[in-house]
Amino acid sequence: MSTSRETAAGQRRTAGRPRDPGVESRVLAAALDVYADHGWSGFTFDAIARRSAAGKAALYRRWQNKEELLLAALEAHAMVVEPIDTGTVHDDLLVVARELFAVYLQGSVGLASLRLFVEARAHPDLLAKSWSRVNAARVRAARTMIRRAVERGELPPDTSATVLLEALSGGVMAHVLATPAGPDRGMDEGDERFLADLVDLVLRGARCRCPRSGCGS
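The numbering of the sequence shown is UniProt numbering, which starts it at 1 and goes up by one.
Hints in this document: simulated from the structure, not taken from any laboratory. Take the hints with a grain of salt, since some may be wrong.
Derived DSBU-like pairs: lysine-lysine, alpha-carbon spacing no greater than 30 Å straight-line [stated by the list, open to error]:
id: 1; residue 1: Lys66; residue 2: Lys56
id: 2; residue 1: Lys56; residue 2: Lys129
id: 3; residue 1: Lys129; residue 2: Lys66
Treat the numbers as computed from the prediction; the structure is a model and nothing was measured.
Sequences are here, hints too, so could you generate the full structure?
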């Protein structure tokens, strides 16, 4: 008798609506879309629940607050950053520039990344962690590439990986913001030339160890 009662109780506990195994990926995609469209001020659990067709309770079970959810969404859709080794620092940086350019044009991922640059400054207490986590992998990869370039004799020993990466990524971002964007925007020949010229410029600056009056004059 006791076995029958335990079985019935177990059936009652497992009855009801089954958990949706795809809810987490759906919520993370919706969170990125909401942040890209509305920024931090419009990034609410209500908006994300509506966009993802998930209950708010499902969100609160997984993330304590919206900063945690934004960080999870950014990390889930972030570019996989690995140290590149083509054999030359020029080609390494050209690959990095192309990858960054592609990310910034990648719909919600690109717009969310651009928003984070600005809003991490406007809301440092809330978004500094998100920005530092997203950027940390890029800096680590850049340091590895620069160390290899120094070992090959392509760059001076005191080259700053952080300065070089910021110069490169800043140039790529400025180009994306300065050129028209559309739903089918992709890289064209003009973009390729710009990125190649940008890499050349960054490397000339990194190799220049002359007085402030100028190099090579």
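Status of each hint after checking the structure:
1. Lys66 x Lys56: holds, 12 Å
2. Lys56 x Lys129: Holds, at about 24 Å.
3. Lys129 x Lys66: Distance of about 13 Å is within 30 Å: holds.
The structure fails none of the hints (numbered hints given earlier).
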